[in-house]
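A.B. asks: Full structure from sequences and hints, please.
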Amino acid sequence: MDLVSKNKSEYLINRHDNQYEVVIGLEVHAQVTSESKLFSTSATKFGAEPNTQVSLVDAAFPGMLPVINEYCVKQAIKTGIGLKAKINKRSVFDRKNYFYADLPQGYQISQFKDPIVGEGKVILDMPDGQKEVGIERLHLEQDAGKSIHDLDPKNTFVDLNRSGVALMEIVSKPDLRSPDEVNAYIKKLRSIMRYLGTCDGNMQEGSLRADVNVSVRKKGSKEFGTRCEIKNVNSIKFMQMAIEYEANRQVDLIEDGQTIDQETRLFDTKKNETRSMRSKEDAHDYRYFPDPDLLPLEVSDDFIEKLKSEIPELPDEKKKRFIEKFKLSSYEANILVSDIETSNYFENVIKKSDVKLATNWIIGELFAALNEKNLEITESPISAGNLSKLINLIKDGTISGKIAKTVFEQMMEGDKDPQKIVEEKGLKQESDPKALEALIDKVIDDNRDKATEYKSGKVKLFGFFVGQVMKVSGGKANPQLVNEILKKKL
Amino acid sequence: MSDITKQALSELVENIKSKKLSSSEVTKAFVERSEKSKELNAYITEDYTNALNKAKKFDEKPNLDLKLPGIPMAVKDLFCTKNLRTTAGSKILNNFVPTYESTVTQNIWNEGAILMGKLNCDEFAMGSSNETSFFGNVQNPIDKNLVPGGSSGGSSSAVAAQLTPITIGTDTGGSIRQPASFTGTVGLKPTYGSCSRYGIVAFASSLDQAGPMAQNVKDCALLHEIISTYDEKDSTSIDFKRNEYSKELTKDIKGKKIGIPKEYRVDGMPKEIEDLWKKGIEYAKDCGAEIIDISLPHTNYALPTYYIVAPAEASSNLARYDGVKYGFRAEGENLIDMYEKTRSEGFGAEVQRRIMIGTYVLSSGYYDAYYLKAQKVRKLIKNDFDEAYKKVDAILTPSTPSSAFKIGEKTNDPVSMYLNDIFTVPVNLAGLPGISIPAGHDAKGYPLGLQIIGKAFDEQNILNIAYAMEEKINFKNNISDWWI
Amino acid sequence: MSIDLKTIKHISKLSRISVDEKKAEKLVGDLNSIFDFIEKLNKLKTDNVEPLTSVAETTLKLRADEVKSKNLRDQVIKNSPRENEDYFVVPKVIE
Ligand SMILES: [Mg+2]
Ligand SMILES: [Zn+2]
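In order, the protein sequences belong to chains C, Y and R.
In terms of this note's numbering, the first sequence opens at residue 234 and continues consecutively.
In terms of this note's numbering, the second sequence opens at residue 11 and continues consecutively.
In terms of this note's numbering, the third sequence opens at residue 1205 and continues consecutively.
Hint data in this document are derived by calculation from the structure and do not stem from the laboratory.
Among the clues, some could well be false.
Taking CB as the label site, the calculated pair distances span [what the hints assert, rightly or not]:
1. C:Lys455 x Y:Asp249: 24 to 32 Å
2. R:Ser1237 x C:Gln491: 42 to 50 Å
3. R:Lys1272 x Y:Phe250: 20 to 28 Å
4. Y:Asp249 x C:Glu506: 50 to 58 Å
5. C:Ile544 x Y:Asp249: 26 to 34 Å
6. C:Lys455 x Y:Pro307: 47 to 55 Å
7. R:Glu1261 x Y:Lys295: 29 to 37 Å
8. C:Lys278 x R:Asp1240: 53 to 61 Å
9. Y:Met279 x R:Ser1237: 52 to 60 Å
Quick caveat: nothing in here was measured; it's all calculated off a predicted structure.
Built from N, CA and C at the ideal position, the CB exists for glycine as well.
C.D. replies: Here you go:
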């Protein structure tokens, strides 16, 4: 794959005569798709009543011990394979010690020195070319519970349903340089995990959150500036806003001759600003050490090979295939592979119909229509099968492209068979030469003067005749035949 | 039968199986004796009424195929018992009632035993004299002024005083073997991974092991065979072929090679201990064993290593006691204030001290110098044993560097208290099985114990050696019932 | 090396155990005598020794992804110090 990492549309912050570059690294927390938790047998479903999905292990009762979920291990390794990363055959679980109301054990089981997945990469398609973002590592860890501060004036309420849910923390290298790249990176990561089925990527439900590390430096400088970590941002839009605010704040400090404190900050979505998190101030010494309740996790080559064989075609490979096999443009392929649901839809449509037409109809009509109704591709009123039928009706000349749009609109109103719509409304294209000749004769007859003008050399009038014939036929005349016959008759 | 409580476990089982005794009679006898023995302070929580009811129920439909048919017993208060308060000897768990049962105790109830109550212990098993318990110190039935050892001090006292025919303790650095030695009883610390840690209040996860305590080796073997099971709920439980230890017990130890580690002759060791060890060597020879001198060169580093590893793990294991989910809570102005007050008022001085040590050795800047260093030395200590076991089948040492000391004697000097475990701690660090058997008395008439250390998973072998030596030693405990 | 009052206060903060002046001073004495005894380890050379975390010479066993602990809310909340049927309750946390 050719890598164009030169970015023409640089994101720079200008102050006085200085230009600053923003350096961003992300620690994405992706919830592993699994039935039960990482170290306990309680459920992980979203939206359950408070504290109904909490086992004695999750609530850290005395004498309770963690036992690891094999499926979560497999999911992490699959994700690692999807990130073209090194899978570590031996990894170790450590305890990260700190006190917090929603951390029942007083420590989080995580991986510190020896994560399950090592270095990998993600390729971004930016408007001015591709960019590679390095992955530092991926490790497995437990999620914490949820503190609810607004149910009671004096107390904080704690719900431990999330406590112990498996997370993959995916740490990027500080390779990102703009809010747009962050957007592309999160979307790509999400796409890969959804292809793999390892994380549903649902940001509203908290399945995907990120800690954003931001620093700035003068353009051209090789050294990194002091970074600040913005904790737990749960939407791409907020990440972008937070980066913009934070980068500008840091630039202002530097321009003002001040230094930047390395600290943890919080993004206030109401005020659109980041602020220092005092509650975390003295918690920096996490006293990591290997969890003595757990032994080292070892996986065999066979185990990894088996998982490799289960990996589906991923967006980058799919894109390559679409371009080579179907002669799609890079732009078209990008759109069609961006999301597994879209690519599944596309591949279902083209099973029985023309690729070029399918591509145009999906990217053009379908997306616009879905967008207008605010629907996801999975909620499309038009099934892949029916869209395929519609395309075939165009291809075999049963209906014209124009009529097809009418049929399409009908289909959007409810999932109807296009064949039936065409029949019921009598929209079939008129391709009988005799019938068309009669029609054309009548049009020429009605426009004698124009016909004469045409014959005397005003060839531009040809279009007028075609239009008239189409109009008289109610749009159903086969345009190709109309052209042929008209040429003869005029 | 008037002296039911004088009978050892095997006799009681025999008598119940042959219907000479009912479970009710046996339970009543032990309950009555326990009630008359409150002065020893061996119990934290008594459950006599339930025990008597369970015994009655057992007698109505006795299942005599079980290994512990209707046998009453009390257990160390570190094992979580369903619907019965479990305190770990701490104020912070003063009102904690588990809704679950530890695997080890469940195994015992599955064999027909009946719970009489929960026995005193050092707070979170941190101590060697039972003086750190929130529920007060325990008296040694040998002598009113003596500690019973710790941390399983309530257990050792209760077995020696015959308040319970058998019991279970836990051993992190000697907490079964040292109190057994101090009270003239038998205690086995099994191989790490032999007994499940599920449902046992954790002290130091990489060292903690549950084990049997009894009046003789045979009873110990039977109880061990019941509690040692593979458990999927404990990731460190090891799936190996377990013996029927009591059935395979034999006094034939001819030709067994027993190692004598020269490094266990520590500076300032009382002559009595030296003499006991020599006597032990003679007994072993009498049984037909071959004595071989060995070296465990890193013995001297075991205690310092232990006092890094154990507190480090404890500082993290005890973080869950924060007043949020269960246990004691002190009200505070805010969350941090609540935490700090709860833990300061809820934990005793020794526990706080160890949490501080553990926090310190793991803290940034000190991890490598202490914790990592200790893990490396732990490896060297284990290597020592691995080397030795190329030459010998088991190792014989004294259990403790002295007999039981007086209550209050060492409470102000933590290091001298820690030195008690000098012979037992290396065994935990290496994850090996060790058994302490009573082997004689010192000049004051206090019992002294010998320790037999085995290869990993080789409990049968050390039980056999202990069984053979027990016969030769023919130890008699001098208990006068002074408290009754 | 020796542990001073400042260190004791720092680790008491990390441990979430409040110490007053008197207790802190006692801890300085206790911990120093314990660490004097621990320092013995420095005499040993351990450069090429692999650290030992667990004596169990096996690796982690993996369990199936099954939901077994269901609806334990009552059990889980039962022992909590503040009465509330649905939640654990702590003094208000301000972030
Ligand atoms: Mg982070
Ligand atoms: Zn994380």
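A.B. asks: Against this structure, judge whether each hint is valid.
C.D. replies: Evaluated hints:
1. The given range of 24 to 32 Å is broken by C:Lys455 and Y:Asp249, whose C-beta atoms sit roughly 55 Å from each other.
2. Distance hint check: the CB atoms of R:Ser1237 and C:Gln491 are about 46 Å apart, consistent with the given range 42 to 50 Å.
3. Restraint check, R:Lys1272 to Y:Phe250: a C-beta distance of roughly 26 Å satisfies the suggested window 20 to 28 Å.
4. At roughly 56 Å, the beta-carbon separation of Y:Asp249 and C:Glu506 lies within the given 50 to 58 Å, and the hint holds.
5. In this structure the hint that C:Ile544 and Y:Asp249 lie 26 to 34 Å apart at CB holds, the actual value being about 32 Å.
6. Taken as a hint, the range 47 to 55 Å holds for the pair C:Lys455 and Y:Pro307, whose Cβ atoms sit roughly 52 Å apart.
7. For R:Glu1261 and Y:Lys295, the hinted distance range of 29 to 37 Å is satisfied, since their beta carbons lie about 33 Å from each other.
8. In this structure the supplied range 53 to 61 Å holds for C:Lys278 paired with R:Asp1240, their Cβ-Cβ distance being about 55 Å.
9. The hint said 52 to 60 Å for the Cβ distance between Y:Met279 and R:Ser1237, and at roughly 21 Å that hint is violated.
The structure fails hints 1 and 9 (numbered hints given earlier, in ascending order).
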